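Number of protein chains: 2
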Amino acid sequence: MFTEKAVNDAFDTQLCRKAQLVNNTLQRLLAEAVGIGEDLREVLKYTLEAPGKRVRSALVLWCCELVSGARNSTTGDRVQKGEISNGVSGEVNRNAEIAAAAVEMVHTYSLVHDDLPAMDDDDLRRGLPTCHKVFDEATAILAGDALLTLAFEILAKEIDEPAIAVRLIAQLAEAAGPAGMIAGQMADLKAEKTQGTEELLQSIHTNKTAKMFRCAALMGAICGGANDSEIQSLSEYGLKIGLGFQIADDILDVSASSEQLGKTAGKDVRAAKCTYPAVVGVEKSKRLAKKLADEAVALLEPFGPKADILRKLATALLERTR
Amino acid sequence: MFTEKAVNDAFDTQLCRKAQLVNNTLQRLLAEAVGIGEDLREVLKYTLEAPGKRVRSALVLWCCELVSGARNSTTGDRVQKGEISNGVSGEVNRNAEIAAAAVEMVHTYSLVHDDLPAMDDDDLRRGLPTCHKVFDEATAILAGDALLTLAFEILAKEIDEPAIAVRLIAQLAEAAGPAGMIAGQMADLKAEKTQGTEELLQSIHTNKTAKMFRCAALMGAICGGANDSEIQSLSEYGLKIGLGFQIADDILDVSASSEQLGKTAGKDVRAAKCTYPAVVGVEKSKRLAKKLADEAVALLEPFGPKADILRKLATALLERTR
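Line by line, the protein sequences give chains A and B.
Residues 487 to 808 in the numbering used here are what the first sequence lists, from first letter to last.
Residues 487 to 808 in the numbering used here are what the second sequence lists, from first letter to last.
None of these hints come from the bench; they were simulated from the model.
Source: prediction; values computed, not measured.
You may find that some hints are simply not true.
Given that identical chains are not distinguished, each listed pair holds provided it fits within a single copy or across any two copies.
[What the hints assert, rightly or not] DSSO-like, lysine-lysine: derived pairs with alpha carbons at most 30 Å apart:
#1 Lys531 to Lys679
#2 Lys676 to Lys792
#3 Lys676 to Lys531
#4 Lys676 to Lys491
#5 Lys531 to Lys770
#6 Lys798 to Lys643
#7 Lys676 to Lys619
#8 Lys679 to Lys777
#9 Lys770 to Lys753
When you get a sec, could you build the whole thing from the sequences and use the hints?
Put into structure tokens, the structure is as follows:
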């Protein structure tokens with residue numbers, strides 16, 4: 487029988503493997519991209535190679551693996567791409583690999599722009615000085631724009647079937663766009679220094695963070711050829727763990743050090759951000775996050791033991807220290 | 487026989503009709519987009535409704551019309567969508583309409599970000615105060631991000647055939663991305679206050695402006711079902727008129743008033759920008775622009791009189807006063 491530590495170690499190892507995979511993909515895509523000037527390439531490399539947790543990418547890959555082997559909902563064909571989630575090695579689904587890289591590019595762009603002086607004005611990200619600190623503000627604006635554009639370019643060019651590429655692009659644009667992440671950012675800035683309600687908070691965090699998690703799960707499911715009911719379950723699972731992730735983030739901001747986090751701690755309080763600990767207190771925030779993880783795990787029931795890695799992910803996101 | 491004024495009037499009328507069409511499409515798409523908060527919607531409306539010339543959108547629509555009726559290069563089917571370029575009314579190609587709107591969104595995003603204090607720091611655009619002046623810097627950053635994302639979303643969701651959508655998205659991302667417009671912006675900022683060469687200038691202007699013109703022509707051609715040789719001709723035509731357009735822009739910056747331009751005049755000189763008039767003088771700049779227009783017109787030869795509107799466009803871009 488595994489001890490809890492052994493289970494955690496196994497999870498960490500699997501997350502590491504996924505991070506390594508997406509890092510390699512990002513590196514390859516950047517190396518293969520032609521026509522990028524050396525100075526801009528250096529900036530993109532800097533932002534993409536900073537040690538991100540790659541949770542969203544892992545979610546894409548794990549959701550793809552989970553449904554691989556299921557029947558394709560459109561054609562009815564058996565899809566046999568992707569390695570199985572118990573970590574037994576197998577062929578990696580190439581579409582999911584590209585989708586994971588695209589999600590990571592969009593996430594990285596959002597951090598680069600979010601850290602700008604006119605936005606959250608931060609100096610530290612992923613344990614390194616922020617993009618506009620190392621280079622300059624104009625470069626950081628352009629680098630963010632470049633990453634966002636590149637994400638759509640790789641989906642359009644590297645996904646092997648147009649019908650799948652279009653679905654992935656539509657999902658990513660919707661999640662990252664003005665009715666998703668950008669809506670969350672706008673509301674987040676607007677809510678600073680106001681007395682937030684739990685309802686407002688949930689809407690901000692859902693838009694700012696949870697929709698990108700949902701999108702990652704959905705994109706993985708699409709690449710794996712999931713059927714409608716699998717897509718529905720994984721989509722809701724993604725939304726719930728995304729919201730839980732952001733609550734945990736809020737808690738870490740008040741409880742962890744900058745060194746631990748790799749980004750400036752205690753910033754939310756200083757900026758008078760509307761956060762869960764500020765509005766409902768730390769204890770209730772923890773309970774809410776736990777409840778979301780439980781609900782997320784419940785959604786995985788139909789998948790059986792194959793979904794264990796996603797069950798572990800739901801709780802690991804709350805237990806993390808960075 | 488038409489006088490020159492009559493020909494110009496006819497051209498202006500046709501450009502106006504295209505501008506009206508794309509304005510309506512943009513308005514409809516924004517109205518139909520769900521989940522956008524009212525504050526962000528107001529910002530997007532402000533930027534999209536500012537009176538742009540809509541030259542890039544018109545180029546999409548005219549190129550589509552020009553090749554419509556030609557055989558589709560993939561299927562060999564006769565494509566009969568799109569009105570004919572002589573202005574006789576007909577059904578508008580719906581894909582081209584969406585492509586034109588996407589191009590306009592990307593162009594507008596680039597202006598919003600370009601005008602930011604950390605970039606060109608401008609107060610006036612399309613005759614109105616710039617986005618960050620009316621709202622604030624954070625809002626302008628997010629609004630630009632939103633427009634860029636939305637452009638890909640509408641292509642993924644509104645184009646009626648996945649294979650066409652993917653080609654359009656790939657072209658747009660490539661032209662606007664780190665090997666296109668963003669490369670041009672980076673090089674443009676870097677070249678400030680340096681002694682530019684004609685070669686450097688050509689590379690900056692090609693990336694910053696001409697590739698988006700080429701892309702507009704290409705997207706129109708793709709929507710109209712152009713064959714490879716038509717795509718090749720229109721692609722080169724677009725690149726040449728785009729470069730000519732940017733040279734004319736440089737000349738206008740030193741010769742026209744802010745009121746005429748709808749943006750701050752004389753800015754390039756004050757920012758010590760690397761421009762054609764600064765590097766080769768106004769007279770040689772005019773000759774270069776004229777040469778490009780002639781070469782662009784020569785590329786239209788295979789299309790016969792149907793391409794008259796594009797011939798007129800090539801010269802009109804140089805004769806414009808704003």
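Okay, the hints, checked on the actual structure:
1. Lys531 to Lys679: between (36 Å within a copy, 27 Å between copies)
2. Lys676 to Lys792: neither (42 Å within a copy, 52 Å between copies)
3. Lys676 to Lys531: Answer is between; shortest inter-copy Cα gap is 19 Å, intra-copy 32 Å.
4. Lys676 to Lys491: neither (42 Å within a copy, 52 Å between copies)
5. Lys531 to Lys770: neither (40 Å within a copy, 40 Å between copies)
6. Lys798 to Lys643: neither (34 Å within a copy, 35 Å between copies)
7. Lys676 to Lys619: Cα proximity of Lys676 and Lys619: in one copy and across copies (25 Å, 17 Å).
8. Lys679 to Lys777: Intra 28 Å, inter 58 Å, cutoff 30 Å: intra-copy only.
9. Lys770 to Lys753: within (20 Å within a copy, 55 Å between copies)
Of the numbered hints listed earlier, those contradicted by the structure are 2, 4, 5 and 6.
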